[in-house]
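Protein chains: 2
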Amino acid sequence: MNSGRKKTIEGVDSRERLLRTAEQLIAEHGYDAVSTRMIHKGCGVNIAMISYYFGSKEGLFRALIEEKVPKIREKLEVLRDSDQTPWEKLSNTIDLYVDRLFENIKFTKVMGQELSINARPENSDFIVKHIHLNMVIILSFFKEGIEKGDFKSNIDVEMTLSSIFAIIFQWINMSAIGMKLFKLEDKETVYGLDYQDRLKRHLIEMMRSHLLVNP
Amino acid sequence: MNSGRKKTIEGVDSRERLLRTAEQLIAEHGYDAVSTRMIHKGCGVNIAMISYYFGSKEGLFRALIEEKVPKIREKLEVLRDSDQTPWEKLSNTIDLYVDRLFENIKFTKVMGQELSINARPENSDFIVKHIHLNMVIILSFFKEGIEKGDFKSNIDVEMTLSSIFAIIFQWINMSAIGMKLFKLEDKETVYGLDYQDRLKRHLIEMMRSHLLVNP
DNA sequence: TAAAATTAATCAAACGATTGATTAATTAAT
DNA sequence: ATTAATTAATCAATCGTTTGATTAATTTTA
Chain C
1 MNSGRKKTIE
11 GVDSRERLLR
21 TAEQLIAEHG
31 YDAVSTRMIH
41 KGCGVNIAMI
51 SYYFGSKEGL
61 FRALIEEKVP
71 KIREKLEVLR
81 DSDQTPWEKL
91 SNTIDLYVDR
101 LFENIKFTKV
111 MGQELSINAR
121 PENSDFIVKH
131 IHLNMVIILS
141 FFKEGIEKGD
151 FKSNIDVEMT
161 LSSIFAIIFQ
171 WINMSAIGMK
181 LFKLEDKETV
191 YGLDYQDRLK
201 RHLIEMMRSH
211 LLVNP
Chain L
1 MNSGRKKTIE
11 GVDSRERLLR
21 TAEQLIAEHG
31 YDAVSTRMIH
41 KGCGVNIAMI
51 SYYFGSKEGL
61 FRALIEEKVP
71 KIREKLEVLR
81 DSDQTPWEKL
91 SNTIDLYVDR
101 LFENIKFTKV
111 MGQELSINAR
121 PENSDFIVKH
131 IHLNMVIILS
141 FFKEGIEKGD
151 FKSNIDVEMT
161 LSSIFAIIFQ
171 WINMSAIGMK
181 LFKLEDKETV
191 YGLDYQDRLK
201 RHLIEMMRSH
211 LLVNP
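So the protein sequences, as listed, match chains C and L.
Just so we're aligned: the first sequence equals residues 1 to 215 in the numbering used here.
Just so we're aligned: the second sequence equals residues 1 to 215 in the numbering used here.
It is worth saying that the hints were derived from the structure and are not from the lab.
Be aware that a few hints might be false.
Intra- or inter-copy, both count: the list cannot distinguish identical chains.
Said to hold, decoys possible - With a cut-off of at most 20 Å between alpha-carbon atoms, the simulated DMTMM-like pairs for lysine to aspartate or glutamate come out as follows: (1) K187 x D125; (2) K152 x E205; (3) K57 x D32; (4) K106 x E16; (5) K57 x E16; (6) K129 x E188; (7) K75 x E144; (8) K187 x D13.
These numbers were taken from a predicted model, which means no experiment stands behind them.
Whenever a hint applies, use it, and build me the whole structure from the sequences.
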């Protein structure tokens, strides 16, 4: 229940407003280009509340990352322990990842920038660690597929896996190129449901011909 | 020839030193995290020379981009006008792009950041424009392949093209994930000739099974 | 249950440090 | 002597952070 002590605007308290505004602004302009004053002006929460809740601007950023970094793993583990075929597991993984990253476009951009620039190594290490844990699970799908003879045995599994990630990540991080390639107007976007489906379909079809012995 | 008037260190004049140092630093830390003082300390050239030669920090950055943005197009046009098969044109394109982007890893990172963040729209527009011009040429390879019956007719050409770019770009921009996936030590790198070749081979093999009617 | 004490939350104002940029003086080559 | 190139010093503006005071809700005391 609301203690009545915390100030809220439209039902959202100050801590939450700081997080959401920081996420939005940093995704758009990058961490260093976003000042604490931009965040405070963007949500009407007093500047001092950043130190109050998060200790510092970096603390706010860190909280943002720890809040979001993939909860995908649980779902991957369910997939792994299911009785689906390796190919079903893999195509469901693609489905899962596209959905999750599209749900969190702003944060996915933040993550991409953080990994690219590699300032704040604690953050990049944290992110890399979690992505890698997921990758290990997905790698097991590939190996299972090869052992069962469903997948070709001569594929470069690490390269293939990193390609799947690359395609989804890049779609979100470099929408400007996508928009030009797909001839979209300025007000249109490459983040819609239609492109989300088209991306899934393309990825799955490409993997089908690349991986399966009998596509 | 050297007029003898410009100060040089190790044969490199101030303008050039500013450009190279800015490229190095911005690729490592991002544009906003690099101050004019970092650049001047990094190369020993006086701060005021940034205004003197480039007008401003942004001007220096712009000069960096305009200096580098792909001269790939000429080579693509040679490929286009050659009598190679569509598949040969495409696999040579992959070869060309991997080589060029690996030759300019630092600048490729700068480009990736610029496109992701999209501050300074003049820069992103400039980059997008040139990348798109190249994409149009490569698209013609796809269309030619489909018309001749060499390529499958049901492939999503735009998605496929953007995937090729994504995989190469991401390889350079998110080396941290690659290093973890390929279990490299801290001092090792994912930018070596071995990985460059492995990336090419993977891309070409994946495209072969994805595109060709008779792989 | 009323008054006093404590608490978390918020605020405007200011801190020293650093930012990108400019100045005016100096150097060095023609 | 002229001029391009370089320099140290300085500028206003903004940075992230901290301060001391204030508000309002809760807890404790009487």
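The hints, checked one at a time:
Within a single copy, K187 and D125 get their C-alpha atoms only as close as 36 Å, which misses the 20 Å cut-off; across copies the closest is 16 Å, which meets it. In this assembly of identical chains, K152 and E205 lie within 20 Å of each other by CA distance both inside one copy and across copies; the values are 15 Å within and 12 Å between. For the homomeric pair K57 and D32, the shortest alpha-carbon distances inside one copy (10 Å) and between copies (16 Å) are both at most 20 Å. Taking CA atoms no more than 20 Å apart as the test, K106 paired with E16 passes inside one copy only; the shortest distance there is 16 Å, against 37 Å between copies.
Only within a single protomer do K57 and E16 lie at most 20 Å apart by alpha-carbon distance; the minimum there is 14 Å, versus 35 Å between protomers. In the homo-oligomer, the alpha carbons of K129 and E188 lie at most 20 Å apart only across protomers (18 Å), although the nearest pairing inside one protomer, at 35 Å, exceeds that limit. In this assembly of identical chains, the alpha carbons of K75 and E144 lie at most 20 Å apart only when taken from the same copy (18 Å versus 42 Å across copies). In this assembly of identical chains, K187 and D13 lie within 20 Å of each other by CA distance neither inside one copy nor across copies; the values are 31 Å within and 45 Å between.
When the structure is compared with the earlier hints, a violation turns up for hint 8 alone.
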